[in-house]
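Position in the sequence shown (from 1) plus 125 gives the number in our numbering.
There's no promise every hint is true.
[As the list claims (entries may be wrong)] Label pairs and their in silico Cβ distance ranges:
1. L407 <-> P230: 35 to 45 Å
2. Q541 <-> R228: 54 to 64 Å
3. I343 <-> L407: 19 to 29 Å
4. E368 <-> A165: 47 to 57 Å
5. G240 <-> A589: 43 to 53 Å
6. N286 <-> Q541: 55 to 65 Å
7. A162 <-> P231: 50 to 60 Å
8. E410 <-> Q479: 31 to 41 Å
[To be verified] Capping the alpha-carbon separation at 25 Å, the derived lysine-lysine pairs in BS3-like fashion look like this:
9. K408 <-> K477
10. K465 <-> K477
11. K578 <-> K559
12. K559 <-> K477
13. K366 <-> K548
14. K181 <-> K227
15. K288 <-> K408
16. K408 <-> K366
17. K548 <-> K559
Everything labelled a hint here was simulated from the structure, so no lab data went into it. Ideal placement from N, C-alpha and C gives every residue a C-beta, glycine not left out.
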Amino acid sequence: MKRLLKRPLRVTVILILAAVAILYVVSEWLKQREIRAAEADLALLAAPPAPPPSVKNGIDALWLLEYRTASDDERADLMRRFGHIIPGDLDAYRQHSELVAKRLPPSDDILTFNGTAAEYLAEIRANPPKYRAEAAKHAELFANVDNLADYDTFAPRDWPNNKEDLGSIRLPHLSIAIRSHTVAALDWAQGRENEAWRRVCRNIKTGRSLLHSRPGLIYPMIGNAIILRNTGLAAQMLYEKPEWANHLPAECGGMFEVLAEREQSLCLVMQDEFHLATNLSLKLEGKGWQMMQVQEGRELLALGEEQSDAAADFALLALPRFDAVHSLVIAAPHYAAFCKPAATAVLRADRKVQWSQPTAKTFARKWACLSNSVGCRYVDQAMPLFDTYVHRLQDTAMQQRAFNAALALYRLPAGQRRAALDKVLAEHSSPSRKLSWNEQERMIYFDAYSQNKVPDPIPVNLNAEK
126 MKRLLKRPLR VTVILILAAV AILYVVSEWL KQREIRAAEA DLALLAAPPA
176 PPPSVKNGID ALWLLEYRTA SDDERADLMR RFGHIIPGDL DAYRQHSELV
226 AKRLPPSDDI LTFNGTAAEY LAEIRANPPK YRAEAAKHAE LFANVDNLAD
276 YDTFAPRDWP NNKEDLGSIR LPHLSIAIRS HTVAALDWAQ GRENEAWRRV
326 CRNIKTGRSL LHSRPGLIYP MIGNAIILRN TGLAAQMLYE KPEWANHLPA
376 ECGGMFEVLA EREQSLCLVM QDEFHLATNL SLKLEGKGWQ MMQVQEGREL
426 LALGEEQSDA AADFALLALP RFDAVHSLVI AAPHYAAFCK PAATAVLRAD
476 RKVQWSQPTA KTFARKWACL SNSVGCRYVD QAMPLFDTYV HRLQDTAMQQ
526 RAFNAALALY RLPAGQRRAA LDKVLAEHSS PSRKLSWNEQ ERMIYFDAYS
576 QNKVPDPIPV NLNAEK
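Sequences and hints are given; from them, build the entire structure.
Written out as structure tokens, the structure reads:
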């Protein structure tokens, strides 16, 4: 009797083990098929090498904004010796008297302005001595910021590498660079008009250089913010004194041109972001169990279950496994979309970018995820939607179109501007978005793609004399 009972039990166990084996064998085969199918996307996402020495690279100057330095050679030497503790490790920094002696006074918040250019110019004019004293106190710091315009890019010389990842990458203090327009506003408010224009245009030059700096998303987003703020200030300066439209300083040559498709493109950013993600994934290879023990990991997996994430259908049956290569293959299409010819066509037409939308998981993908249960879930839940960052660049390009429309109007005699208004706005509109005039507010408007970082409209005084 016992033998008869044991035989069905053994058969059942064998069948279960066979079924599990088949599940995982097929899962592994499907996973390898997905890896082979992703070769084209992975090739698009290969990070290019560092800029050649012939390109004027200001990465050392960017890291050393808060230090008193005299030359590129000195900055390169300081970064070779102390780059590992600048700017973050304060305890280590204090142990080096050379660094302490070169450190400039920390910037206060007095020269941090919010609101439109008209609003913060009014703040400055309400108390000139206060802002003049603050600018004098930090003159060396803002001179360092101005000098960033002398460089063409900002990129680590050892990037790409296999060390830095999404969790360990270090960044310079970029908040100082983003406030570059404040000194230009102070110059303008105090009558140093040519100097104000020179600063504004050099700031925009820095912003445009940051658009293709590396690695990752932070540099072009800071660059975009610099362009946005300084273009807004330039528009207000023209509104107050339109005569400058016809004799802008040499530094402004090409600075107000609309961002080209390559400047709006995030392809280089995606290549670097993917390389950072690759470095992190390879460090996590085979650590599914450990990732499950991290509180953030458990919360992320729980979030996926609450949202009925499609990849979770099989993950409940699976061991907590993390396959780095397969995880990257799943993520690759989200990044590679920004590097394909279709992306350039969308930017050229100024259509609203919509590339990072999550797609429904196929049955084959769910089955493949049996062999990468943790990796599939992490990719599904943690993948950023990069579209919104392209929207910011697209809106900056539209702000530049509006600024150039204002510039064209100011270059006409005052009596001809209103008659030419519709024609000028049409000429400077994009293929997908039109510039419009608000008579009551005396502003040029456009529909923004970004939901959060909307550029200010461009003021125009149609009746002002040259």
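Does the beta carbon distance between L407 and P230 stay inside 35 to 45 Å, or does it fall outside? holds (43 Å)
Just to be careful, I want the Cα atoms of K578 and K559 compared with a cutoff of 25 Å; is the pair within it? holds (19 Å)
Under the criterion that the straight-line Cα-Cα distance not exceed 25 Å, is the pair K366, K548 satisfied? holds (23 Å)
Regarding E410 and Q479, is the given constraint of 31 to 41 Å on their beta-carbon distance met? holds (33 Å)
Taking the beta carbons of N286 and Q541, is their distance inside 55 to 65 Å? holds (58 Å)
Between G240 and A589, does the C-beta distance stay in 43 to 53 Å? violated (23 Å)
Could you check the hint for me, namely that A162 and P231 are 50 to 60 Å apart, CB to CB? holds (52 Å)
For the pair we were handed, K288 and K408, check the Cα-Cα distance against 25 Å. holds (10 Å)
Taking the Cβ atom of E368 and the Cβ atom of A165, is their distance within the range 47 to 57 Å? holds (55 Å)
With a cut-off of 25 Å on the C-alpha distance, tell me whether K181 and K227 pass. Status holds; Cα separation ~24 Å.
Restraint status (C-alpha distance of K465 to K477 at most 25 Å): Since the Cα atoms of K465 and K477 sit roughly 16 Å apart, the hinted pair holds (cutoff 25 Å).
Against the 25 Å threshold, does the CA-CA distance of K548 and K559 hold or violate the hint? holds (12 Å)
Checked against the numbered hints above, the structure violates hints 5, 9, 16; every other hint is satisfied.
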